[in-house]
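Peer 1: Please work from the sequences and hints to get the whole structure.
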Amino acid sequence: MASTTLPVELPELTTDELSRYSRHLILPEVGEEGQRKLKAARVLCVGTGGLGSPLALYLAAAGIGTLGLVDFDVVDASNLQRQIIHSTADIGRKKLDSAEEKLKALNPSLKVVKYDTLLSSANALDVLKDFDVIADGTDNFPTRYLVNDACVLLSKPNAYGSIFRFEGQASVFGAKDGPCYRCLYPEPPPPGLVPSCAEGGVLGILPGLVGVIQATETIKLILGIGEPLIGRLLLVDALNMRFRQLKLRKNPECPVCGDHPTVTKLIDYQQFCGIEPESEKRSLVKNGIPQVSPKDLKKRIDAGEDLFILDVREPFEYQIANIGGVLIPQNDIAQRIGELDRNREIVVHCKAGGRSQKIAEYLKQYGFPKVENLAGGILAWSDEVDPKIPKY
Amino acid sequence: MTIFIPTPLRAFAAGKDAVEVSAGTIASALDELTAAHPDLRKHLFTSEGKVRAFVNIYLNDEDVRYLPAKEATAVSSGDTLSIIPSIAGGC
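So the sequences go chain by chain: C and G. First residue of the first sequence? That's 1 in our numbering, and the numbers climb one at a time after it. First residue of the second sequence? That's 1001 in our numbering, and the numbers climb one at a time after it.
One thing to keep in mind: the hints can contain errors.
Computed list of lysine-lysine pairs in DSSO-like fashion (alpha-carbon distance at most 27 Å, straight line) [claimed, not checked]:
{"hint": "1", "chain 1": "C", "residue 1": "K250", "chain 2": "C", "residue 2": "K111"}
{"hint": "2", "chain 1": "G", "residue 1": "K1042", "chain 2": "C", "residue 2": "K286"}
{"hint": "3", "chain 1": "G", "residue 1": "K1050", "chain 2": "C", "residue 2": "K250"}
Stretch by stretch, here's where chain C covers chain G in the computed footprint (C-beta under 8 Å, at least three residues) [claimed, not checked]:
{"hint": "4", "stretch": "1003-1009"}
{"hint": "5", "stretch": "1060-1070"}
Derived by calculation from the structure, the hints in this document are not laboratory data. Computed from a prediction, not measured in an experiment: that's the story for all the values here. Ideal Cβ positions, reconstructed from N, Cα and C, are used throughout, including at glycine.
Peer 2: So, in structure tokens, the structure goes:
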């Protein structure tokens, strides 16, 4: 049975705690000893958003002694569809502060340690080292690989959960003799292939389902009970309400956790995931496509320049907000390329600048000589040119 | 045999969440799938024809990489193939 390494001397429970946790104490699988293990435990929640919300709340409710929270983000209205630890009154506030307040309201004995930082190769080992279990609730590939590698290097189990639209995955990586994330996925997908929640959308309840699975696994690891998801990948399909599990094997050739590891230090995970550094992103030309800022585009339109604004988003997005561009959704471009005039200056835009960049590159390869990309998309247009354009 | 298509790849499979194929091995089942939906090919395979490292193929609940015959493993009509790409959302 898998478990974590906890101090030999477990802290005593107070009278209030005996009362608060009575429903745990009467479970043979938990009992007073189990509850004392929970009190001694230190869990790090990386991210206090979709997954982090239910995860942290249930861990606090269960009586975990110390919760570390890592998040540098600020609460936004669009978070409230699913990040249930935050409330409307918290909009604009740091997620860490909002989360701490709710967690301590639920459980005043909880010790909260806040890390107002972006987890990186420079700080991850330091941040993770004082915790017993790491629960990964982040939202991007570089951090997933960073947390995985740090957990393996530090021998800490990683209660993993991830979501996309209606589907989720959960497992426990980094356990002794168990597989790690890289055993399952040695390489990340190319940037842009798998949209983030902001670009692809997510059913609000989904991180609730998966986050509580992560909390469950965390508690099981601390108590040393049940069968944790070590060596199993749980797949959640919320739309069809099907749960499946697949076998996960430890890869003996895994570069991080295998028999002959080649990754013995944290690496540059942005580079590993093929993401260009920030300075290149802000440059005027990206992969041969000139980038135009919303302010510059507005100036040129107002000056009467004959520009063809091509909007490559989906029809439902156009209905929410548009700047009068011609809508050809990205997946239809190939079939409808005949509608585009090679002789015109084409400015491609989408929501945030990612899809439009890909389409601009495609058009250029196809022989269109004058194609530009609206950097930052309609979101940046709303920020910089016309705040009446709704952001979504 | 059913091949389950994961959400991130459904756009390249005409929106389907499952595709029926009649091939006899894993490799030929995937070929039949990408023949019917050519856009899937570059998302599933490298230019050398190997399955991309951020995608896992499972025959029922076993990772194909660990089957003795790997992609040459024979399949029957009651089997399922699942394509499991990595997803990272959590926010």
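Peer 1: Each hint should be assessed against the structure and marked as holding or not.
Peer 2: Hints versus structure:
1. K250/C / K111/C: The hint is violated at about 35 Å.
2. K1042/G / K286/C: 23 Å, holds
3. K1050/G / K250/C: Holds, at roughly 21 Å.
4. 1003-1009: Coverage by chain C holds here, the residue count being 3 at a Cβ distance below 8 Å.
5. 1060-1070: That given contact holds, which follows from 4 residues of the stretch 1060-1070 of chain G lying within Cβ reach (below 8 Å) of chain C.
The structure fails hint 1 only (numbered hints given earlier).
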